[in-house]
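J.: Listed here are the chains, written in short residue letters.
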Amino acid sequence: MSERVMREVLLPASVQDVWEAVTSDGWLADEVRLDLRPGGDAYFRLASGVKTGWLEEVTVAADRARLAFWWSHEGEPASRVELSLEERHDAVRLRIVETRPLELLDLVGVPLPGVSGPSFGPALLAA
Amino acid sequence: LGEARDPADAVFGALSDPTRRALLASIAEHPAITATELASHLPISRQAVVKHLGTLTDAGLLERAAAGREVRYRVTPAPLSDAVSWMAEVGGQWDERLAALARTFGPAARAPRARRGEPVARGASGRTRERQRGEMPK
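Sequence lines, in order, name chains A and B.
Quick note, this note's numbering runs 625 ahead of the 1-based positions in the first sequence.
Quick note, this note's numbering runs 70 ahead of the 1-based positions in the second sequence.
Since the hints were made in silico from the structure, they are not lab data.
Certain hints may be false.
[Stated by the list, open to error] If the Cβ cut is set under 10 Å, some of the chain A residues that face chain B in the computed set are:
| hint | residue |
| --- | --- |
| 1 | VAL634 |
| 2 | VAL647 |
| 3 | ARG658 |
| 4 | GLU682 |
| 5 | VAL683 |
| 6 | VAL685 |
| 7 | ALA716 |
| 8 | VAL717 |
| 9 | GLU723 |
| 10 | ARG725 |
Since the structure is predicted, the reported quantities are computational estimates derived from the model, not experimental observations.
The beta carbon of each residue, even a glycine, is placed where N, CA and C say it ideally should be.
Work out the full structure: start from the sequences and follow the hints.
T.: Encoded structure:
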């Protein structure tokens with residue numbers, strides 16, 4: 626378990642349209658560059674600065690899609706974002722979960738497996 | 071990392087109980103409060119309060135300080151306030167993104183429903199305002 630923020634919304638659109646919207650410039654960040662494959666690099670330019678990370682999962686189908694990635698500002702703990710799209714009748718349910726597992730482990734005094742960067746993602750998931 | 075889960079589980083285990091969340095909120099409002107004082111505000115016995123305080127202390131959420139024959143309790147400030155501020159900031163950012171999406175896909179789109187997955191979010195949210203008023207012990 627970890628710190629977690631969850632949001633869910635129903636959009637009257639197709640999975641393809643929502644996928645296009647959430648992976649384009651201007652939504653996750655002003656500028657978004659995603660190498661859309663597992664392990665691919667991710668770059669986000671936001672008002673608060675640049676976040677970098679990597680993609681954990683990319684799944685795109687006609688009636689569902691999922692994008693999971695890790696991102697962090699340089700020198701700060703990474704968080705994991707999971708976007709799930711699922712067709713629901715004439716709409717798409719978009720669920721967003723952002724978790725920050727490292728901060729939680731840090732706060733209870735557990736030594737972290739890495740100092741910064743994406744390397745601690747898989748180590749943590751394997752735990 | 072197998073043993074690394076236990077402290078995190080202790081935190082969430084401690085926060086999973088509504089009585090313990092209420093105790094934590096009371097202690098945040100009244101720093102250096104005693105178990106006896108807490109019990110006088112709550113419909114549970116001092117003995118039950120002491121047991122809950124032990125769980126919260128073991129999870130690292132409370133600090134104890136002996137004061138004469140009594141023990142005074144404070145909320146451990148940094149960890150929770152950090153968690154709360156992170157969830158507030160990140161949650162606000164997603165709310166903005168979802169509002170933009172709703173505008174993109176037309177008026178039929180439902181307003182975003184805010185959901186918090188973990189007890190820590192609900193249990194901690196009430197304290198955010200207090201911190202913003204600067205009432206929390208540092």
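J.: Does each hint hold? Answer for all of them.
T.: Comparing the hints with the structure gives:
Taken as an interface hint, VAL634 (chain A) checks out: its beta carbon lies about 5 Å from the nearest beta carbon of chain B, inside 10 Å. A hinted interface residue such as VAL647 (chain A) counts as satisfied when its beta carbon comes closer than 10 Å to some beta carbon of chain B; here the least separation is about 7 Å, so the hint holds. Because the closest C-beta pair between ARG658 (chain A) and chain B is about 17 Å apart, greater than 10 Å, the hint is violated. The closest approach between the C-beta of GLU682 (chain A) and any C-beta of chain B is roughly 19 Å, which is over the 10 Å cut-off, so the hint fails.
The beta carbon of VAL683 (chain A) comes no nearer than 19 Å to any beta carbon in chain B, farther than 10 Å, and the hint placing it at the interface is violated. Given the 10 Å rule on beta carbons, the hint for VAL685 (chain A) is violated: about 18 Å separates it from the nearest Cβ of chain B. With 10 Å as the threshold, the beta carbon of ALA716 (chain A) comes within range of chain B, its nearest partner Cβ sitting at about 8 Å, so the hint holds. For VAL717 (chain A), the shortest C-beta to C-beta distance to chain B is roughly 9 Å, which falls under 10 Å, so the interface hint holds.
The interface hint given for GLU723 (chain A) holds, since its Cβ lies 5 Å from the closest Cβ of chain B, which is under the 10 Å cut-off. Taking 10 Å as the C-beta contact cut-off toward chain B, the hint placing ARG725 (chain A) at the interface holds, the least distance being around 6 Å.
Hint compliance for this structure: hints 3, 4, 5 and 6 are broken, all remaining hints hold.
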